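Whole structure, please, built from the sequences with the hints as guidance.
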Amino acid sequence: GQQLNQSPQSMFIQEGEDVSMNCTSSSIFNTWLWYKQDPGEGPVLLIALYKAGELTSNGRLTAQFGITRKDSFLNISASIPSDVGIYFCAGHNFGNEKLTFGTGTRLTIIP
Amino acid sequence: DVKVTQSSRYLVKRTGEKVFLECVQDMDHENMFWYRQDPGLGLRLIYFSYDVKMKEKGDIPEGYSVSREKKERFSLILESASTNQTSMYLCASKPPGQGFAHEQYFGPGTRLTVT
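Top line first, the protein sequences correspond to chains U and S.
To convert, note that position 104 of the first sequence is 104 in the working numbering; the numbers rise steadily by one, no gaps.
Numbers given in the working numbering equal positions in the second sequence, counted from 1, plus 1000.
None of these hints come from the bench; they were simulated from the model.
A quick note: this is a predicted structure, and the numbers were derived from the prediction, not measured.
Don't be surprised by glycine CBs; every beta carbon is placed ideally from N, CA and C.
Don't take every hint at face value.
As the list claims (entries may be wrong) - A short list of chain S residues far from chain U (calculated; beta carbon distances all over 12 Å):
#1 1018
#2 1026
#3 1052
#4 1084
Unchecked claim - Calculated cross-link-like contacts (lysine-lysine; reagent style DSS-like; alpha-carbon spacing at most 25 Å):
#5 U:70 / U:51
#6 S:1057 / S:1018
#7 S:1003 / U:98
#8 U:98 / S:1071
#9 U:98 / S:1057
#10 U:98 / S:1053
#11 S:1055 / U:98
#12 S:1055 / S:1018
#13 U:98 / S:1070
Here it is in structure tokens:
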């Protein structure tokens, strides 16, 4: 089955820095989702995007649905320690109950 | 509040053992999913179920089976565990339909080690 490629695979940043990550697909999706997994927990939905070109914010997080429908981007501004975790993108198409998940980006904050 | 629970957080089994991973959700959701999570590979779908006694293979069903006898419970079965099934297993559930119902609710995961 298809998997979405996320970049970078891991990031080591200092507190207060901004973070950018992206997700690319070989095929189009109608919906893009971003999840975060805290250490020792299951993923939790952060942001959902429903329209090509859409830009949506959730606090310090901003995500964009790429114009081609084959990619999506997530930015985190002014990172804080609780941002540590693994971020997953996921794509969805109508008529399908399944999500296709990305390979994940692990975010670590260096003290 | 939404709740998906998994029977064990950590499990150690021997090669060849039959392994049961249990997942229970209290949201009356029709759809339930089993994923495995491996570093660099993300979440890969093993099986999902869209109703009681209904199941469908995901992307990596080989070596696994599932059971859904009650709406709230979805079990993943490893008939004969092998070392390459050492992984984190995540269960999720979601209500049916389109629109805004894309969110899947995840359990905390079971880290399975097969020795």
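Each hint, compared with the structure:
1. Residue placement check: residue 1018 of chain S keeps its beta carbon more than 12 Å from all beta carbons of chain U (closest about 25 Å).
2. Against chain U, the non-interface label of residue 1026 of chain S holds: every CB pair exceeds 12 Å, the least being about 15 Å.
3. Under the 12 Å C-beta cut-off, the non-interface status given to residue 1052 of chain S relative to chain U holds; the minimum distance is some 15 Å.
4. Chain U leaves residue 1084 of chain S outside its interface by the beta-carbon criterion, the shortest separation being 18 Å against a cut-off of 12 Å.
5. Between residue 70 of chain U and residue 51 of chain U the alpha-carbon distance is near 12 Å, which keeps this suggested pair within the 25 Å criterion.
6. The straight-line distance between the Cα atoms of residue 1057 of chain S and residue 1018 of chain S is roughly 20 Å, inside the 25 Å bound, and the hint therefore holds.
7. Simply put, residue 1003 of chain S and residue 98 of chain U have alpha-carbon atoms about 20 Å apart, close enough for the 25 Å limit, and the pair holds.
8. For the proposed pair residue 98 of chain U and residue 1071 of chain S, the alpha carbon gap of about 18 Å is at most 25 Å, so the pair holds.
9. About 11 Å separates the Cα atoms of residue 98 of chain U and residue 1057 of chain S, which keeps this hinted pair within 25 Å; it holds.
10. Among the hinted pairs, residue 98 of chain U with residue 1053 of chain S is consistent with the structure: their alpha-carbon atoms are about 18 Å apart, no more than 25 Å.
11. At most 25 Å may separate the alpha-carbon atoms for a hinted pair to count; residue 1055 of chain S and residue 98 of chain U meet this at roughly 13 Å.
12. For the proposed pair residue 1055 of chain S and residue 1018 of chain S, the alpha carbon gap of about 20 Å is at most 25 Å, so the pair holds.
13. Under the criterion of a C-alpha separation no larger than 25 Å, the hint pairing residue 98 of chain U with residue 1070 of chain S is consistent with the structure, at around 21 Å.
The structure is consistent with each of the numbered hints, conforming to all of them.
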